[in-house]
Amino acid sequence: MIEIKVPILPESVSDALLLDWHKSAGEPVMRDEILVEVETDKIVLEVPAPEDGVLTEIVEQAGTTVNAEQVLAKLTPGSVEPEATGSKAAEASSSGDESAGADDVRLSPAARRVIDEQGLDAAKISGTGKHGLITKQDAIEYSSASDKQAASDTGAKTSSSGTSALTSTSQTSNQQPVPQGTREEVREPMSRLRQTIANRLIQSQQGAALLTTFNEVDMKAVMELRSKYKDQFEKEHGIRLGFMSFFVRASVVALKRFPLVNAYIDGTDIVRHLYQDIGIAVASPRGLVVPVLRNCESMSNADIEKQINDLGVRARDGKITMDELAGGTFTITNGGVFGSLLSTPIVNPPQSAILGMHKIQERPMVMNGEVQARPMMYLALSYDHRIVDGKEAVQFLVTIKDMIEDPARLLLDC
1117 MIEIKVPILP ESVSDALLLD WHKSAGEPVM RDEILVEVET DKIVLEVPAP EDGVLTEIVE
1177 QAGTTVNAEQ VLAKLTPGSV EPEATGSKAA EASSSGDESA GADDVRLSPA ARRVIDEQGL
1237 DAAKISGTGK HGLITKQDAI EYSSASDKQA ASDTGAKTSS SGTSALTSTS QTSNQQPVPQ
1297 GTREEVREPM SRLRQTIANR LIQSQQGAAL LTTFNEVDMK AVMELRSKYK DQFEKEHGIR
1357 LGFMSFFVRA SVVALKRFPL VNAYIDGTDI VRHLYQDIGI AVASPRGLVV PVLRNCESMS
1417 NADIEKQIND LGVRARDGKI TMDELAGGTF TITNGGVFGS LLSTPIVNPP QSAILGMHKI
1477 QERPMVMNGE VQARPMMYLA LSYDHRIVDG KEAVQFLVTI KDMIEDPARL LLDC
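In terms of this note's numbering, the sequence shown opens at residue 1117 and continues consecutively.
Treat the hints with care, since some could be wrong.
[Unchecked claim] Taking lysine to any residue pairs in the SDA-like style, the calculated list, with each CA pair at most 25 Å apart, reads:
{"#": "1", "residue 1": "LYS1422", "residue 2": "GLN1311"}
{"#": "2", "residue 1": "LYS1190", "residue 2": "SER1242"}
{"#": "3", "residue 1": "LYS1435", "residue 2": "SER1195"}
{"#": "4", "residue 1": "LYS1517", "residue 2": "LYS1435"}
{"#": "5", "residue 1": "LYS1517", "residue 2": "GLY1452"}
{"#": "6", "residue 1": "LYS1507", "residue 2": "LYS1435"}
{"#": "7", "residue 1": "LYS1344", "residue 2": "THR1328"}
{"#": "8", "residue 1": "LYS1344", "residue 2": "GLU1332"}
{"#": "9", "residue 1": "LYS1507", "residue 2": "CYS1530"}
Quick caveat, the hints were computed from the structure, so don't treat them as lab data.
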């Protein structure tokens, strides 16, 4: 008998929430098949089967708060036929029982999230993964096909019912209209990650003297530089050249010049970081996460772009680790990717400041006495006024503006 235990949690995490079991007691499982997931304050950890066998007993039920290395279930090892874990789904399909569905179908964690979010019937999805495993792509393609079919059916129904709708309207024109739509409400518990985000935002608002200063930056020079070298850059480094790497490097220069922006308050002390660890805010299906780029002062544009891409993908897939989310001396968030023109970002405690990037939009600007259309971006710097003075905050933001408008200065650090 093998005991299935909670993974070892990081020092800063005391417990975790047990999510839904993917298997039931008595079911055969295969090695590395995901049995259950546990949600911490920051990430979701998967608990796989250590060996082939049968899940003999489930000790802790979904919704239970558990601690590190706590026993969750017991597994009896033994050989299992690859088809065994999918046999129940096959029986359900052949019998036409649609209610037998999602719990008996083998799903990847990413596919399960897509299915839960979009309300899909897992039993109707054909898996293309190993041993019939339904992958995230399978779920997305099934959802897309279902949407197209629904749109087609709606169009046909509307066309065929046009005449009868007109007749019905004329007959009931003198009657009180019947309200349309639903009045139902749905209540669901907040995830641990969402609770943590909420608490930290309140902590930031109540525990700091927050203020935001704004500026705008002309993106023309960076856009021309990117356009000129993007193909060569991608060929050389295997990654696309984005704007974020320029802002990270510009922030490094500004943080060196104004070190209090890179510091934090600890009681009655000010702790200054002699390095620049910059967090990049990423929207994931479970909420906002901020993976951290370590020692950005020693990184090139290519290094930054590669790490941002890797961390962003794994954050969205729930594969990022606690260590990659911990720490950070400064944060950058880019609301412009969602169309935001201007915002006031909230500082990520215990940090002292956060830079907000926004949508690039052409606006009329006076250049050398002439009005020209220029690609402009609003920048926002929210900061803790207890440690950062207004003068420093403004000069910090102007430094970033200068570096972006003349990117050659990034090479010369001037």
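Evaluation of the provided hints:
1. Between LYS1422 and GLN1311 the CA atoms are separated by roughly 31 Å; this puts the pair beyond 25 Å, and the hint is violated.
2. For a cut-off of 25 Å, the pair hint linking LYS1190 to SER1242 is broken: about 30 Å separates their Cα positions.
3. For the given pair, LYS1435 sits about 29 Å from SER1195 by alpha-carbon distance, which is inconsistent with the 25 Å threshold.
4. Of the supplied pair hints, the one linking LYS1517 and LYS1435 is violated, its CA atoms being roughly 34 Å apart against a limit of 25 Å.
5. Among the hinted pairs, LYS1517 with GLY1452 is consistent with the structure: their alpha-carbon atoms are about 16 Å apart, no more than 25 Å.
6. For the given pair, LYS1507 sits about 41 Å from LYS1435 by alpha-carbon distance, which is inconsistent with the 25 Å threshold.
7. Under the criterion of a C-alpha separation no larger than 25 Å, the hint pairing LYS1344 with THR1328 is inconsistent with the structure, at around 34 Å.
8. Distance hint between LYS1344 and GLU1332 is fulfilled; the C-alpha atoms sit about 24 Å from each other, no more than 25 Å.
9. Distance check on the hinted pair: LYS1507 and CYS1530 sit about 19 Å apart at the alpha-carbon level, within 25 Å; holds.
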